[in-house]
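Hints in hand, dock the two standalone chains.
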Amino acid sequence: MGFMKALRCRECSREYPIEPVYVCEFCFGPLEVVYDYDAIKKALSREVITGRRKNLWRYRELLPIDGEPQAGLDSGFSPLVKAENLAEVLGVRELYIKDDTVMHPTLSFKDRVVSVALTKALEFGFDTVACASTGNLAHSVSALGARSGLNRFVFIPATLEQSKIVASIVYGPNLVAVDGNYDDVNRLCSEIANKYKWAFVNINIRPYYAEGSKTMGFEILEQLGWKAPGNVVIPCASGSLLTKIWKSFKEFKMLGLIDSLDTKVFAAQAAGCSPIAAAIKAGVEVIRPVKPDTIAKSLAIGNPADGFYATAAVKESGGWGEHVSDQEIIDAIKLLASTEGIFAETAGGVTLASAKKLIESGRIDRDSSTVVCITGNGLKTQEALAGHTGRVHHIKPNLASFEDVMKSIGR
Amino acid sequence: MAVKVRIPTPLQRLTGGKEEVEAAPGTISVIVGALDAQFPGIAERISEGGKIRRFVNVYVNEEDIRFLQAENTQVKDGDEVSIVPAIAGGRS
Numbered sequence: 089m090g091f092m093k094a095l096r097c098r099e100c101s102r103e104y105p106i107e108p109v110y111v112c113e114f115c116f117g118p119l120e121v122v123y124d125y126d127a128i129k130k131a132l133s134r135e136v137i138t139g140r141r142k143n144l145w146r147y148r149e150l151l152p153i154d155g156e157p158q159a160g161l162d163s164g165f166s167p168l169v170k171a172e173n174l175a176e177v178l179g180v181r182e183l184y185i186k187d188d189t190v191m192h193p194t195l196s197f198k199d200r201v202v203s204v205a206l207t208k209a210l211e212f213g214f215d216t217v218a219c220a221s222t223g224n225l226a227h228s229v230s231a232l233g234a235r236s237g238l239n240r241f242v243f244i245p246a247t248l249e250q251s252k253i254v255a256s257i258v259y260g261p262n263l264v265a266v267d268g269n270y271d272d273v274n275r276l277c278s279e280i281a282n283k284y285k286w287a288f289v290n291i292n293i294r295p296y297y298a299e300g301s302k303t304m305g306f307e308i309l310e311q312l313g314w315k316a317p318g319n320v321v322i323p324c325a326s327g328s329l330l331t332k333i334w335k336s337f338k339e340f341k342m343l344g345l346i347d348s349l350d351t352k353v354f355a356a357q358a359a360g361c362s363p364i365a366a367a368i369k370a371g372v373e374v375i376r377p378v379k380p381d382t383i384a385k386s387l388a389i390g391n392p393a394d395g396f397y398a399t400a401a402v403k404e405s406g407g408w409g410e411h412v413s414d415q416e417i418i419d420a421i422k423l424l425a426s427t428e429g430i431f432a433e434t435a436g437g438v439t440l441a442s443a444k445k446l447i448e449s450g451r452i453d454r455d456s457s458t459v460v461c462i463t464g465n466g467l468k469t470q471e472a473l474a475g476h477t478g479r480v481h482h483i484k485p486n487l488a489s490f491e492d493v494m495k496s497i498g499r
Numbered sequence: 026m027a028v029k030v031r032i033p034t035p036l037q038r039l040t041g042g043k044e045e046v047e048a049a050p051g052t053i054s055v056i057v058g059a060l061d062a063q064f065p066g067i068a069e070r071i072s073e074g075g076k077i078r079r080f081v082n083v084y085v086n087e088e089d090i091r092f093l094q095a096e097n098t099q100v101k102d103g104d105e106v107s108i109v110p111a112i113a114g115g116r117s
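Protein chains in written order, with my numbering: chain A, 89 to 499; chain B, 26 to 117.
Think of the hints as simulated: they come from the structure by calculation, not from any bench.
Among the clues, some could well be false.
Cross-link-like lysine-lysine pairs, in silico, DSS-like; alpha carbons within 30 Å at most [stated by the list, open to error]:
#: 1; chain 1: A; residue 1: 484; chain 2: A; residue 2: 445
#: 2; chain 1: A; residue 1: 422; chain 2: A; residue 2: 445
#: 3; chain 1: A; residue 1: 352; chain 2: A; residue 2: 283
#: 4; chain 1: A; residue 1: 93; chain 2: A; residue 2: 285
#: 5; chain 1: A; residue 1: 285; chain 2: B; residue 2: 43
#: 6; chain 1: A; residue 1: 129; chain 2: A; residue 2: 379
#: 7; chain 1: A; residue 1: 379; chain 2: A; residue 2: 252
#: 8; chain 1: B; residue 1: 43; chain 2: A; residue 2: 379
#: 9; chain 1: A; residue 1: 170; chain 2: A; residue 2: 379
#: 10; chain 1: B; residue 1: 43; chain 2: A; residue 2: 283
#: 11; chain 1: A; residue 1: 341; chain 2: A; residue 2: 315
#: 12; chain 1: A; residue 1: 379; chain 2: B; residue 2: 29
#: 13; chain 1: B; residue 1: 76; chain 2: A; residue 2: 335
#: 14; chain 1: A; residue 1: 369; chain 2: B; residue 2: 76
#: 15; chain 1: A; residue 1: 283; chain 2: A; residue 2: 369
#: 16; chain 1: A; residue 1: 403; chain 2: B; residue 2: 76
#: 17; chain 1: A; residue 1: 338; chain 2: A; residue 2: 315
#: 18; chain 1: A; residue 1: 142; chain 2: A; residue 2: 93
#: 19; chain 1: A; residue 1: 369; chain 2: A; residue 2: 341
#: 20; chain 1: B; residue 1: 76; chain 2: B; residue 2: 29
#: 21; chain 1: A; residue 1: 338; chain 2: A; residue 2: 403
Some chain A residues flagged as far from chain B (calculated, every beta-carbon gap over 10 Å) [as the list claims (entries may be wrong)]:
#: 22; residue: 162
#: 23; residue: 212
#: 24; residue: 251
#: 25; residue: 450
#: 26; residue: 489
So the derived label-pair ranges between C-beta atoms look like this [as the list claims (entries may be wrong)]:
#: 27; chain 1: A; residue 1: 253; chain 2: B; residue 2: 105; range: 19 to 29 Å
#: 28; chain 1: A; residue 1: 372; chain 2: B; residue 2: 34; range: 28 to 38 Å
#: 29; chain 1: A; residue 1: 426; chain 2: B; residue 2: 99; range: 29 to 39 Å
#: 30; chain 1: B; residue 1: 62; chain 2: A; residue 2: 101; range: 43 to 53 Å
#: 31; chain 1: B; residue 1: 62; chain 2: A; residue 2: 453; range: 55 to 65 Å
#: 32; chain 1: B; residue 1: 33; chain 2: A; residue 2: 276; range: 46 to 56 Å
#: 33; chain 1: A; residue 1: 372; chain 2: B; residue 2: 99; range: 14 to 24 Å
#: 34; chain 1: A; residue 1: 474; chain 2: B; residue 2: 40; range: 34 to 44 Å
#: 35; chain 1: A; residue 1: 453; chain 2: B; residue 2: 40; range: 15 to 25 Å
Note that CB positions come from ideal geometry on N, CA and C, so glycine has one too.
So here's chain B without its partners, still in its complex pose (with noise of 0.2 Å):
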């Protein structure tokens, strides 16, 4: 078994269509670096200096990781890890 991640539509392009991935587990950061080499130019999408970028949300098992330890997050086999822009509207 391996980690599911989850691509949103605007990234896709990067990943030949696909909506989702398999990534080997570890953490957030190692994870993100593996999705670069598989699909080039998605880590700098996502994130900047090695954190996630402000309104990209990273969710394990729907548990944001901001509330985690966030990139440094473990994920384990089976995990299943969704990227998620944030919509930068409001609601009010």
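Same shape as in the complex, but just chain A (with noise of 0.2 Å):
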């Protein structure tokens, strides 16, 4: 049994009931998920939590489904990890990488709110499920479809590159290349899901879809030692994660499974596609479409969703929104790599190099504990630093030759 009410309008606040719709009939606005967290209280604690396996259905009271979790059963509960190098490096004195990069099965939160949207579809009675989308989320709802036995369509541009093609064709979907651009998909993708009775997990599911990533931040709070961070850094695509993540800090200090909240929330984006970043340095409401063109194409959305959501969530908090070049993009990654061993995909460039800006221009202080999310792994976008590494050392296959190479650099 969960602990669903309905869904409201975020905007009007008309309530609809719990069904695979995404849009107020009357006035356009999004649908969000209302809890009845009165019984969430009584039902959940910290015992309760850390009595259950380490997945992100821990915290199952807290995630939009009825019945039992049916997808993502190995998923989340990624490491924090204490980042004492880059720490010294950034001049700060309390850091933390929340690493989704190592996110099962395919590297990236989307595992997360993939997990989310497949119970939710199955729950609904669906047998298939569907997306649009250029990387992350195609390769998610292609392994986790897998494994939950549904029929899986995604559409991606035709112009893709080919390891990405690869890392969701491999679990069978059906992949359908559309002759246009990314947003030719989108629009293309309305339209089928208006005829086909598909559970399209960033459509018709999106409601329960974007619940999932709010277990990034309960993780963050539960392994902090059930404590809120001082800052937290969030990169933002549509402004759906850093909402959420948002949303959870504020829903475990209501429920008590944290004393206090007092954290400053910053959205770190590319500075070739900042319409967040942009508004809120500017202190507006209004989230100005842009035209994307930077190396971190998992960020490239011109005219986010959840962009005024973001916006305000950034205000309530305090905190401030930062974009970076692709050049401190690829600074940030191979810093990341070099001090604490992680391997980011450009979206993790954007956080950390928004990061440094944030602690170097005061907005972020030194004194106070800092979560970086860094949400998907280097491997996926490995032609970003082409070009940008050091050397790789050839030689012969005698000793000679390798001691040249010592001498080279200086040993």
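What follows is the structure in structure tokens.
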């Protein structure tokens, strides 16, 4: 038995039953799950949580399902790495990396949201799941959907790189390459979603899917010893992850699972696509859409659906927004790898580079604790580092040749 | 000549199934008021307290009014106004 009461429009508060709908019929606002927090407070405690398996479902009362979890039983509970080497380089007292580069099974935080979406799709009785994606989401729907025995339709732009195609098609989905750019694919998917009775994870299942992002926030609080950090830096594409992490912190506070909440939330974007950071810096509510131009393709959303709410969360928490250049992204990927042994995708470079700038500008207090959210694995975006890494030493198979290398590096 | 206003499918029930209606020139606020006189209930769907709702986009000749003068944007004879609900989905 779940703890959901209804779906509610975030704009006009009209309520809807728990169904695969996502937009308010009246004012076109997005729908969000409403929970019975009084009942959850009675059912959920630190002891209940810690007595469960270390996956994202240990917070199941705060996730939008009615029955048992049916997907992602090995997903979630990624490491919170205390980053002492990096803290020293950046000149901060206490720094942590929330490391979703090692998420089971497809190495990005999308396994969190897809686990929830697929469980919900099965509860609704769908036999087919679908998505439009250029990367991480396609991989996750393809993989987790295979394990759940669902038919899968994954729509991609025809120009997508071969490595990303392989990382989806190996799981055996129906992979549909559309002649057009991402916006064309998305528009087509909206039409398909109207015609076919499928669970489009980020369209008609979105209110449930998006709730899965909260598990990243719950885990951070639990792993810090049931405490909220001073600062959290979160990458923004649609703005949904940031909005949901902030929501997760507030839920834990409301339920008494943490004693106090005084966290500043920071939005990280690439300079080539920074509509949310730009709105925060300008102090305006209106998100001005942009045409993305950045190596951080997983963050390249020019017209972010949750931009308004992300901006509001940052403002409410007393945080700020930052954006960084492609070169700063590359430098940050290399910095994280060389200090902490973690290889992040370009989005992770955006987040760390933004954190660095926020520390340098004084927006992040060097004496308080900071969590940097790294959402995906660098093996997925290796092409971004071409020409930017150290040189390989090529030698003959003899000792003299190796001694030359030792001399050349001054050893 | 008048101003052409394009009506999205979810609101065509209010316009008797018409995809395109006409209004006299004026500001967006005035046009919304005039539409509501013609098709009662339409103003409430697309605006609240005189402001266009956040998940409704209004374009004048393809330019979003948020980047013109918002509700005070002047619409002239022959201009085209489009009302388009934002799809509240993501693309990531």
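Evaluation of the provided hints:
With a C-alpha separation of about 44 Å, the suggested pair residue 484/A and residue 445/A falls outside the 30 Å cut-off, and the hint is violated. Between residue 422/A and residue 445/A the alpha-carbon distance is near 16 Å, which keeps this suggested pair within the 30 Å criterion. Annotation: proposed proximity of residue 352/A to residue 283/A is violated, straight-line Cα distance about 43 Å (limit 30 Å). With a C-alpha separation of about 24 Å, the suggested pair residue 93/A and residue 285/A falls inside the 30 Å cut-off, and the hint holds.
Among the hinted pairs, residue 285/A with residue 43/B is consistent with the structure: their alpha-carbon atoms are about 28 Å apart, no more than 30 Å. Our distance criterion of 30 Å between C-alpha atoms is broken by residue 129/A and residue 379/A, whose separation comes to about 44 Å. The suggested pairing of residue 379/A with residue 252/A holds, with an alpha-carbon distance near 22 Å, which does not exceed 30 Å. Proposed proximity of residue 43/B and residue 379/A is contradicted: the alpha carbons are some 33 Å apart, above 30 Å.
Distance check on the hinted pair: residue 170/A and residue 379/A sit about 36 Å apart at the alpha-carbon level, beyond 30 Å; violated. Taking the CA atoms of residue 43/B and residue 283/A, the gap is near 23 Å; set against the 30 Å cutoff, the hint holds. A threshold of 30 Å between alpha carbons decides the hint, and for residue 341/A with residue 315/A the separation of about 10 Å falls inside it, so the pair holds. Our distance criterion of 30 Å between C-alpha atoms is met by residue 379/A and residue 29/B, whose separation comes to about 29 Å.
Distance restraint check for residue 76/B and residue 335/A: the Cα-Cα separation of roughly 27 Å lies within the 30 Å cut-off, and the hinted pair is therefore satisfied. At roughly 24 Å between alpha-carbon atoms, residue 369/A and residue 76/B fall within 30 Å of each other, so this suggested pair holds. This hinted pair does not check out: residue 283/A and residue 369/A have alpha carbons roughly 41 Å apart, beyond 30 Å. Simply put, residue 403/A and residue 76/B have alpha-carbon atoms about 22 Å apart, close enough for the 30 Å limit, and the pair holds.
Of the pairs offered as hints, the one joining residue 338/A and residue 315/A holds, with about 12 Å between alpha carbons and a cut-off of 30 Å not exceeded. The hinted pair formed by residue 142/A and residue 93/A meets the criterion: a straight-line CA distance of about 27 Å does not exceed 30 Å. For the suggested pair residue 369/A and residue 341/A, the alpha carbons sit about 28 Å apart, so the restraint of at most 30 Å is met. A hinted pair counts as satisfied when its Cα atoms are at most 30 Å apart, and residue 76/B with residue 29/B qualifies at roughly 20 Å.
Distance hint between residue 338/A and residue 403/A is fulfilled; the C-alpha atoms sit about 15 Å from each other, no more than 30 Å. The claim that residue 162/A lies off the interface holds: its Cβ sits roughly 23 Å from the closest Cβ of chain B, which is beyond the 10 Å cut-off. Against the 10 Å criterion, residue 212/A stays outside the reach of chain B, whose nearest CB is about 17 Å from its own CB. Interface exclusion of residue 251/A from chain B stands, the closest Cβ pair being 19 Å apart, more than 10 Å.
The beta carbon of residue 450/A sits about 31 Å from the closest Cβ of chain B, which is more than 10 Å, so the claim that it is off the interface holds. Listed as outside the interface, residue 489/A is consistent with that label: its C-beta sits roughly 48 Å from the nearest C-beta of chain B, beyond the 10 Å cut-off. Checked against the hint of 19 to 29 Å, the pair residue 253/A and residue 105/B fails, with Cβ atoms roughly 41 Å apart. Residue 372/A and residue 34/B have their C-beta atoms about 31 Å apart, which keeps the hinted 28 to 38 Å range intact.
About 58 Å separates the C-beta atoms of residue 426/A and residue 99/B, a value inconsistent with the hinted range of 29 to 39 Å. A C-beta distance of roughly 27 Å is found between residue 62/B and residue 101/A, which places it outside the suggested range of 43 to 53 Å. In this structure the hint that residue 62/B and residue 453/A lie 55 to 65 Å apart at CB holds, the actual value being about 56 Å. Checking the proposed 46 to 56 Å range against residue 33/B and residue 276/A shows it is violated: the Cβ atoms sit about 18 Å from each other.
For the pair residue 372/A and residue 99/B, the supplied restraint of 14 to 24 Å holds, since their beta-carbon distance comes to about 22 Å. At roughly 55 Å, the beta carbons of residue 474/A and residue 40/B sit outside the given window of 34 to 44 Å. Taking 15 to 25 Å as the suggested C-beta distance range, the pair residue 453/A and residue 40/B does not conform, at roughly 55 Å.
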